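Here is what each chain is made of, one letter per residue.
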Amino acid sequence: MKKVFVTIIMMLIMVLLSVSAFSETTDDDLVDLDLDFEIEDTEKKPYSINADIEAKETIVFFDHDALLFRQKYLDGKKEDTLWQTGVDLTAEGRYQYEIIKFYGRLNSLYYYNRNEDFESEVKAEEAYLTLQPSFSLALDVGKKVYKWGKGYAFSPAAFFSRPKDIDDPDATLEGYFNLGADYIKSMDGPLKTLAVTPVVMPIGRDFNHMTGPKDELAWGSKFYFFAYDTDVDFMFLISDNINNQVGMDFSKNLNPSFEIHGEAALVKDYSQIIIDSYGKTSEQEYTALNYLLGLRYLSSQDTTWIFEYYRNGQGYTAQEYENYLTFIEKGYSQYLSNSSRTAITKSAKYAAYYNQQAAMRDYLYLKVSQKEPFDILYFVPAITCVYNMNDQSASITPQLTYSPITNLTVDLKAGLLTGKGKSEYGEKVSDAKITFSVKYYF
Amino acid sequence: MRWDMFKGYILKGGKMKKIFLVVVLGFFSAAAAFALDGNEILKQVDRNLNPESFEMYRKLINIEPDGTKKEFVMFSVKKGKDKIASVFISPASEKGRSTLRIGENMWLYIPNVGKPIRITSLQSVTGGIFNNSDIMRVDYSAEYNCEKIETTDSGYTLYLKARMKNVAYETVTMFIDSEKLLPKKIECYAASGMLIKNLYFKKIKDFGNGIVRPAIIETSSPLNKGYKSYIVFAKVKKRQLVDEIFSLNYMHKIEGLQ
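Line by line, the protein sequences give chains A and B.
Count along the first sequence from 1, then add 5; that gives the number in the numbering used here.
Count along the second sequence from 1, then add 397; that gives the number in the numbering used here.
If you are wondering where the hints come from, they were derived from the structure by calculation, not from laboratory data.
Keep in mind the model is a prediction, meaning the values are calculated, not measured.
Positions of the beta carbon are idealized from the N, C-alpha and C atoms, including for glycine.
Do not rely on the hints blindly, as some may be mistaken.
[What the hints assert, rightly or not] FRET-style restraints, in silico, Cβ to Cβ: (1) Asp234/A with Glu544/B: 19 to 29 Å; (2) Ala587/B with Ser282/A: 36 to 46 Å; (3) Ala587/B with Ile105/A: 24 to 34 Å; (4) Ser139/A with Ala539/B: 25 to 35 Å; (5) Asp234/A with Ala588/B: 15 to 25 Å.
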């Protein structure tokens, strides 16, 4: 483990030094400029196409002693690391004809695991038609992402959206097929804007690949209010398959450099699946309260702090999570003693509940980023920490992002997991991951 | 002293007392007139820079000490004194990003993120010397009150203080061409009194329909020595806009307004 940390730190220092060297200036004088600048491409076109391609190299450092490693690779692995080379291509296009607009975004991912196989995945993340008869009203039909909520890393009130990746909260998500509308009304007085966003989402085998007691139309709406310099949303979701949910969020700037936000959701009749340390399963039903409180602060030195506390009412307690890991531990002992895979296989069936991100109750999220230190333009170092308050385990991610030339971004990220035995981050498949990526937009 | 007693005292008083009173009243009247003039001049400068409701294209150019350039092109619409919405047209890495400002409130919409997030006037969505306040500029008269005006051979100098708490610059000194009533230079100061930035207004251009204004704003900052930034204006023209455009729910559609 020490070796891994040293390697990561050395790589970060090398990149930082190379970036500094690259940006060192030798001439203090500004170039003379012809002030006859012109702006090209200001003519409106009915269509536009954009794309970005990202080449990525990832090194995963396995933790052979971790219980989730043993659950996934029961027979073990010879390798200490997994090298993965990937290419991610995203293309988006839009076309507008009078009041009808089309938007589509296609993502294709190709990657090669040096020790495993070549794999690919192509999906339309979004593809929808918009009918906009007026500035106040729009109707959308197709596959669309509705990102509700004000949380940065967590979004308990994003009822019609797939969960965010905590490791990359800004990443694009795949939408669901749905029918939605957007009505905006601006007013004079304290309430400046009111907006209503109703959504109807078909659920079934043929739509959105969600199964439940029956095929149905889930529906809900978001109500947005802008008053007294504060954003406030109220939202709900009605569904037999997904639990009925009601939520709210808010966001406000307290001063030029300080923003606060919050988000809460009640999930009615949430059914939690629990497996104990002997492999006995049970189900408990309750109304779960999920919420977060967060802030964003910009210091006078251009350091941005994003902090969130997240309460996951649908998560497991420290004891419940430890029981799950204890069952895996027993299953592994069983496998060693009599080659029986029964217990481990059973535990793997519950991985979708227990191994997901933020599976427990209380989390702290902190991201600190420094804009353009050492006078290096377009260079942003950052560090992110996700801390599990229930078992004191954590994920720490230093990151360097640099955009040396227009449309090119270079990124180096190291994810380090730390925690005691039978803790969430202490028992993950890997204990470190380094990702180096180059992204080009065109 | 009661008013009738005061009136009687003045009416019955000596000549010297009357002269004193006239001088005092005259002084206050002149001071009030000067303050009014400063704010009226500021309003006129705002209207000369752009109509109250209009659209425009802007190119932002950041230049590093070694001459390296980075350019951004934005399309913007503004309504009233304090509403402005913009969308990046290029480069490809920024395309579709939009910003909205209503008074002291600012938001940024990034297509990948898929929802607007609140940002502050001191941050910069483009990097470089320009901060969000420079890019999402509303009327100066909406943000600042003229506290003092000086007349010089080359024009007026307005000393402005922020009306609101959430502004990027606590005080601003504006040097104005008294004939054209357009700014020549603006000095931006922090609350501490430190000079943060200089804005130079250059190349006055006729954009048509009576809009004659500087086409280029050059920026330098003592905090970023050797770096310079420019804003180039194009196609500035009046446009009637509905209020609903200036809302969070409309941010991802601003590109369609072109």
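Ascending list of hint numbers which this structure does not respect | Checked against the structure, the hints that fail are numbers 2 and 3, while the rest are satisfied.
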